[in-house]
Amino acid sequence: MGFMDFFKSSWGVHPDDHKRPAADIKTRRIPVPPRVYIPLSQHVGAAARPRVVVGQKVLKGECIAEAQGNISAPIHASTSGTVVAIGEITAPHPSGLPFMAITIESDGEDRWIDLTPIADPFGLSPADLARKVAEAGVVGLGGATFPSAVKLALGLRSKITQLIINGSECEPYLSCDDRLMRDAPSRIIEGIELMMHATGAQEALVGIEDNKPEAIAAMQEAAAGRGKIRICPVPARYPMGSDRQLIVELTGKEVPSDARAADVGVIVHNVGTAYATRQAVYEGRPLVSRLLTLNGGAMGEPGNYEVPIGTLVSDLIAFAGGYKGTAARLIMGGPMMGNVIPHAHVPVVKGTAGILAFNAAEVAEEDARNCIRCGSCVRACPMGLLPLEIVNNIRADKLDGAEQLGLGDCISCGCCSYVCPSHIPLVQYFTHAKGQLWAQERGKLRTEATKKLATKRTERLEREAREKAEAAAKRKAEKAAAAAAAAAKKATSGA
Amino acid sequence: MSPLSMAGSATPAAAPHVPSKASVSRTMFLVQASLVPATLYGFWLYGWPAIFLFLLTVGSCVFWEALCIRLAGRLTKPQLTDGSAILTGWLLAMTLPPWAPWWVAVVGGLLAIVFGKQVFGGLGQNPFNPAMVARVALLVSFPVPLTLWVMPLPISSADAPGFHQSLLITLGALPIPDAVTSASLLGYAKTELSRGLDLAHAMGATHAPAVSYIGERAGSLGETGSLLIAGGGLVLFFLGVITWEIPLAMLLGLAIPALIGHSVNPARFLDAGSHLLSGGAMLGAFFIATDYVTSPSTSKGKLIFGFGCGFITYVIRTWGGYPEGVAFAVLLMNTLTPVIDRVTKPRILGRDKQGRPLQLKD
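Keeping their order, the protein sequence lines are chains Z and P.
Going letter by letter, the first sequence gives residues 1 to 495 in the numbering used here.
Going letter by letter, the second sequence gives residues 1 to 362 in the numbering used here.
Possibly wrong hints are sitting among the right ones.
Unchecked claim - Here are the in silico distance ranges between beta carbons for each label pair:
hint, chain 1, residue 1, chain 2, residue 2, range
1, Z, S10, P, V339, 56 to 62 Å
2, P, G121, Z, R460, 56 to 62 Å
3, P, A66, Z, A259, 24 to 30 Å
4, P, P154, Z, G325, 55 to 61 Å
5, P, L171, Z, G325, 55 to 61 Å
6, Z, P98, P, T81, 43 to 49 Å
7, P, P357, Z, S10, 20 to 26 Å
8, P, V343, Z, L399, 22 to 28 Å
9, P, T81, Z, T161, 54 to 60 Å
Unchecked claim - Restricting the straight-line Cα-Cα distance to at most 27 Å, the calculated cross-link-like pairs of lysine-lysine (DSS-like) are:
hint, chain 1, residue 1, chain 2, residue 2
10, Z, K159, P, K345
11, Z, K456, Z, K468
12, P, K77, Z, K253
13, P, K345, Z, K434
14, Z, K434, P, K353
15, Z, K253, P, K361
16, Z, K451, Z, K474
17, P, K361, Z, K228
18, Z, K253, P, K300
19, Z, K398, P, K21
20, P, K353, Z, K253
Just so you know, the hints here were simulated from the structure itself, not pulled from any lab data.
Being a predicted model, the structure only gives us computed values, none of them experimental.
Even glycine gets a Cβ: it sits at the ideal position worked out from N, Cα and C.
Whenever a hint applies, use it, and build me the whole structure from the sequences.
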């Protein structure tokens with residue numbers, strides 16, 4: 001840190017990264033476990049719909065559940081074997097609630113389905129290329145798990161000038177992106193070229209934090225001579241990997257709060273996603289495995305592992321040397337934003353960038369104390385919010401006030417909680433309040449819908465009553481007319 | 001090991017899972033540590049009575065804090081060990097006349113902790129700087145002992161009161177000998193000006209207190225050790241405990257009008273150097289105005305707040321009834337803190353200053 005840095009206002013925090021030695025250990029591939037549990041909802045959007053039945057034999061890479069709706073992704077078998085169950089299993093979420101998954105008993109052969117690679121993807125139209133990626137079930141592997149093809153197809157609607165490839169990997173402890181960039185830089189570059197073709201972007205900027213010199217060197221070598229792809233080292237600072245922050249850092253563009261990155265001509269994809277895209281197109285391989293980091297003080301053999309989707313965390317850890325001592329906490333994802341998982345009997349999903357087993361010393365938690373208004377959270381917030389003021393509003397149950405202060409702009413990065421000397425769980429308050437607001441909004445919509453229905457019912461009843469009355473009046477008039485006519489007839493005939 | 005056992009814990013742990021080294025006690029400790037050199041220097045200059053007063057003030061603050069926490073039925077240990085009451089007492093002691101009697105310390109602690117802090121709900125809830133509340137309340141209630149300054153009598157010198165004698169001075173059993181009393185520089189200047197003398201003559205007189213950079217002058221612990229105070233403040237700045245905005249803005253707010261005034265009419269207005277090194281301006285700028293609880297939390301807000309503190313200090317010193325103005329200025333600016341925070345909200349990423357989403361350029 002230079003002298004002038006004391007005077008600059010800079011967002012973000014600098015936690016100890018703990019990436020090494022795990023990042024420097026050669027990637028290992030885990031053998032196919034006896035059973036894989038493949039959830040139907042591993043992406044943002046609608047859950048996939050199963051297209052296999054219990055007892056059916058499937059091959060590795062076979063589509064076992066198809067996408068439903070515009071934002072969704074298909075799911076593929078991560079090994080060959082027999083479907084033994086389609087039902088609920090524990091989700092990798094702190095709640096430990098169940099969710100739907102397809103269980104496949106492995107036949108041990110790990111036999112691939114016939115793949116359909118594309119030799120000349122640049123001959124395809126951008127839309128066809130995006131379709132190919134969609135069919136392979138590729139989602140954002142940085143953790144957001146947004147279906148990638150949907151983002152690639154944005155190029156058809158908005159003018160995309162720059163593609164940003166996120167290799168910053170700002171979460172401490174995680175190093176799978178780092179490892180991938182060191183192991184397969186040329187494949188990532190191929191994936192980036194495909195993404196540029198699909199989106200129509202003129203250039204690609206690869207942001208890599210400067211704490212990964214090996215990855216930067218490897219990527220620079222692979223990108224040499226491809227002028228449209230630039231490797232851009234960025235300062236190591238959490239949350240550099242958050243898309244809005246990375247876009248500002250690399251392009252200087254600021255995405256309006258109510259807009260998407262594509263609206264300013266930018267699309268952000270993770271390096272892992274670029275790799276998966278390449279595999280999907282050139283090899284025809286759907287997304288059935290991913291690279292993830294095992295780390296933490298209680299992890300037997302920290303490192304990066306190539307893991308079939310649906311592998312139980314317990315199987316994975318057993319392969320990786322079990323626990324070292326006692327694991328006080330299991331986390332899926334990074335330590336800044338990851339979730340505690342209730343136990344290890346949960347599957348690895350497409351968005352799992354890492355599993356951390358922390359020992360008691362690493363999770364030393366302190367009780368929250370009074371806010372001393374030190375303003376550390378204000379300086380740390382990458383969005384320019386006033387976390388201490390927002391939390392005061394939430395505590396007083398003033399959700400409107402919190403919303404006015406920009407609660408909705410919070411990206412839940414956790415910087416505020418991290419720096420707070422009083423150990424106030426600020427980001428938890430924000431997550432809670434966002435949930436409350438969301439529930440309120442839903443409640444409001446429901447009330448409005450009910451009101452609309454009630455109004456319609458009243459209108460209908462009134463209309464029916466009116467119509468009934470009119471019909472009755474009409475009948476009466478007709479009857480009267482008939483009677484009059486009959487009387488007239490009678491009179492005539494009688495005359 | 002069975003990770004299943006974790007499911008039994010009462011509250012689910014939430015991100016972030018990595019602890020940082022920041023804590024309230026660490027902050028308080030660092031502030032106290034950077035006050036140590038100036039404090040020890042003050043002890044040496046003013047001897048045992050200053051040490052007794054210091055211990056009594058800190059002790060009194062801790063006592064009142066403990067009593068309040070007890071009465072409120074809150075957890076005693078975490079609140080007492082956060083070090084905030086010690087710091088309040090420490091800062092208050094540094095603003096008092098070093099030979100003030102014991103009851104000043106006790107009443108000061110009561111005013112600072114009970115009326116300045118605990119009645120609002122304790123740490124973090126008080127709108128005013130507790131030490132300054134006590135300082136001002138003491139000054140307006142007991143002006144005589146609060147303005148009775150003594151010349152430095154280094155503890156090693158022959159004239160310095162011994163341990164026993166000092167105890168009697170602090171207990172009020174022994175009057176402070178006239179020979180050692182002296183006006184502070186600001187007090188002297190104010191008196192002479194009010195007598196119609198101009199500063200050129202007044203400051204030239206042989207009995208005039210001199211501005212001494214090494215603190216050989218009458219004043220409080222926080223006034224005489226100005227350079228050590230500023231040094232401690234710089235340490236806090238480099239440790240990241242305080243930011244540069246408030247100290248710099250406050251010193252500028254004091255120095256700029258002083259420079260202008262003195263260059264226009266040196267007979268009427270004191271020079272900037274005297275202002276910066278007197279009356280606890282350094283203590284105020286680095287340690288008092290920077291109090292987290294009672295100052296704004298945004299960068300721009302801190303600049304406004306600091307400048308206001310400095311400027312009001314100058315106005316009070318120059319045109320007000322008191323020779324000294326830091327405490328009043330800080331309290332006045334404390335009242336503005338919520339307003340300053342409101343008008344200096346930082347711009348949210350992706351929004352304009354008014355909070356509307358940025359417009360897309362087509």
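These are the hints, each one checked on the structure:
no.: 1; hint: Z:S10 <-> P:V339: 56 to 62 Å; result: violated, 27 Å
no.: 2; hint: P:G121 <-> Z:R460: 56 to 62 Å; result: holds, 57 Å
no.: 3; hint: P:A66 <-> Z:A259: 24 to 30 Å; result: violated, 55 Å
no.: 4; hint: P:P154 <-> Z:G325: 55 to 61 Å; result: holds, 58 Å
no.: 5; hint: P:L171 <-> Z:G325: 55 to 61 Å; result: holds, 59 Å
no.: 6; hint: Z:P98 <-> P:T81: 43 to 49 Å; result: holds, 45 Å
no.: 7; hint: P:P357 <-> Z:S10: 20 to 26 Å; result: holds, 24 Å
no.: 8; hint: P:V343 <-> Z:L399: 22 to 28 Å; result: holds, 23 Å
no.: 9; hint: P:T81 <-> Z:T161: 54 to 60 Å; result: holds, 57 Å
no.: 10; hint: Z:K159 <-> P:K345; result: violated, 34 Å
no.: 11; hint: Z:K456 <-> Z:K468; result: holds, 18 Å
no.: 12; hint: P:K77 <-> Z:K253; result: violated, 50 Å
no.: 13; hint: P:K345 <-> Z:K434; result: holds, 21 Å
no.: 14; hint: Z:K434 <-> P:K353; result: holds, 23 Å
no.: 15; hint: Z:K253 <-> P:K361; result: holds, 11 Å
no.: 16; hint: Z:K451 <-> Z:K474; result: violated, 34 Å
no.: 17; hint: P:K361 <-> Z:K228; result: holds, 24 Å
no.: 18; hint: Z:K253 <-> P:K300; result: holds, 24 Å
no.: 19; hint: Z:K398 <-> P:K21; result: violated, 31 Å
no.: 20; hint: P:K353 <-> Z:K253; result: holds, 17 Å
The structure fails to meet hints 1, 3, 10, 12, 16 and 19 from the earlier list, while all remaining hints are met.
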